[in-house]
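Participant: Working from the sequences, and respecting the hints, build out all of it.
Heads up: the sequence shown begins at 1 in our numbering, then just goes up one per residue.
There are no misleading hints in this set.
Label-pair distances were calculated between CB atoms; the ranges are:
#1 Thr131 x Pro107: 18 to 24 Å
#2 Arg193 x Glu102: 39 to 45 Å
#3 Asp123 x Ala6: 15 to 21 Å
It should be emphasised that the hints constitute simulated quantities derived from the structure, not laboratory data.
Ideal Cβ positions, reconstructed from N, Cα and C, are used throughout, including at glycine.
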Amino acid sequence: MMRSLAQAYPDAHCELDFTTPLQLAVATILSAQCTDKRVNEVTPKLFARYATAEDYAGADRAELEELIRPTGFYRNKASSLMGLGAALLERHGGEVPARQDELVKLPGIGRKTANVILGNAFDVPGITVDTHFGRVVRRWGWTAQQDPVKVEHAVGDLIPRKEWTMLSHRVIFHGRRVCHARKPACGACPLARDCPSFGAGPTDPNAAAELVRGPEAPWLLELAGVAGEVPQRTVQQAASKDPAQ
Numbered sequence: 001m002m003r004s005l006a007q008a009y010p011d012a013h014c015e016l017d018f019t020t021p022l023q024l025a026v027a028t029i030l031s032a033q034c035t036d037k038r039v040n041e042v043t044p045k046l047f048a049r050y051a052t053a054e055d056y057a058g059a060d061r062a063e064l065e066e067l068i069r070p071t072g073f074y075r076n077k078a079s080s081l082m083g084l085g086a087a088l089l090e091r092h093g094g095e096v097p098a099r100q101d102e103l104v105k106l107p108g109i110g111r112k113t114a115n116v117i118l119g120n121a122f123d124v125p126g127i128t129v130d131t132h133f134g135r136v137v138r139r140w141g142w143t144a145q146q147d148p149v150k151v152e153h154a155v156g157d158l159i160p161r162k163e164w165t166m167l168s169h170r171v172i173f174h175g176r177r178v179c180h181a182r183k184p185a186c187g188a189c190p191l192a193r194d195c196p197s198f199g200a201g202p203t204d205p206n207a208a209a210e211l212v213r214g215p216e217a218p219w220l221l222e223l224a225g226v227a228g229e230v231p232q233r234t235v236q237q238a239a240s241k242d243p244a245q
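Facilitator: Written out as structure tokens, the structure is:
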């Protein structure tokens, strides 16, 4: 299944735009209950206005809230961002630490966010258990655990540590593009032959193909062996859809 994932999503990556650890921390906080696409629409102006921990610590709350309003829960998120800036100044000289035990003590940063930061800003392997990851690995029978920390540990015991970050990206990509919560695209899934939950969604290739999302859709359909059976119009429609958060 890992080989199939690597073949299906060779370019899987964090879908939040960032250039520094601080930007990734901020973007990840904003992504709570919000799509990555919406966060990426908000952060260019935000990052241009707030470049350092000191900027966030001393931010004008009203201005900050207005900038991040489209991401939802903007008052709580503004508090987290201002608190994060102050905590980084007080404890870490304004820099984002590269240790999980220090990251999780910062405002707005839990274990999932810490793993995102570690894996993508510092190349420290980590498993990011979001709703997609948990749903997909349970469907695959990798674990029956519901608690994200227990899921993280269970999958970590199965997979070499060096693979943790890329595995997280690929599983999340698969959850957004193919293995949807309500109606997975079973009949167009490149992992179908190894999946114990095959049949949870449509198994007809044409019906399933219409559910595949994202720019990788034509490649995923080809891997699943259905590209030749599905009308080109369906392939184009699937490719044009943005992956769901």
